[in-house]
Amino acid sequence: MKIASFNINGIKAREAALCDWLDAAAPDVVVLQEIKSADAAFPAEPFETRGYNVAVHGQKGFNGVAILSKPPLEDVARGLPGADGDDQARWIEATVVGARAVRVCGLYLPNGNPAPGPKYDYKLAWMDRLRRRAAALLAGEEPVVMGGDYNVIPQPEDAASPQKWREDALFLPESRAALRRILHLGFTDALRARHAGAGHYTFWDYQAGAWRRNDGIRIDHMLLSPQAADLLEDCRIDSETRAGEKPSDHAPIHVTLDA
DNA sequence: ATGGTGGGGATCCCA
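In our numbering, the protein residues as written are 2 to 260.
In silico BS3-like links for lysine-lysine, alpha-carbon gap of 25 Å or less: (1) K120 / K165; (2) K71 / K13; (3) K247 / K13; (4) K247 / K61; (5) K71 / K3; (6) K13 / K61.
No wet-lab data here; the hints were simulated from the structure.
Kindly generate the complete structure, drawing on both the sequences and the hints.
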């Protein structure tokens, strides 16, 4: 089962590029971030035509996540638990059944800039809620994939120019520590498990020729529970999509599981 | 130190 994550930066602007990538990469399941669309305005037809079931947790203008899945989506849950009144649409999960059942979670972690400030406080609080949800998922002892835009650069080797990110919410020590706290619960960073070393990026800013100069960062991650990590066959970043027509500023990342 | 680009929706916010 091929499970992917893709921050598309606006579903309306990215419909053609997303469909082209779906046709080429043929993932079984995709978690999407930054759809920037309300549920009712989400254009499900092009994906249903391609055989995907669609579950949306949308928000007008900002944020918004969704799951596309060829297997039926079971037990869909929307919103990250732990804060009543948080109306930002950043979390969706569902069970997909292939050879094995996999709990698939799609997340769009807050950017957090400028730091310090209320947006950074929100980021760290959201990561604490994520850690609690992740621990609860681990207790189920089933294959779990938490994929998405984590907006955290884990290590200096995950940025082409780490010094430029020194003061940024994506790379501050507290952000990296909060991500490590989740990993240390027992999750596997799938890309790292398969590819050591520098040069694996998922995001290149639209500005200042970042793609042309390969000035990227690795902030989109696929975290696997031990039961999912046991099934891991491959993890790759489809960086060529960043060179396409009207691209997102993120590239898709995907795992192949023996499931 | 600054400005560089893009999406969405409204004359500015977010990344």
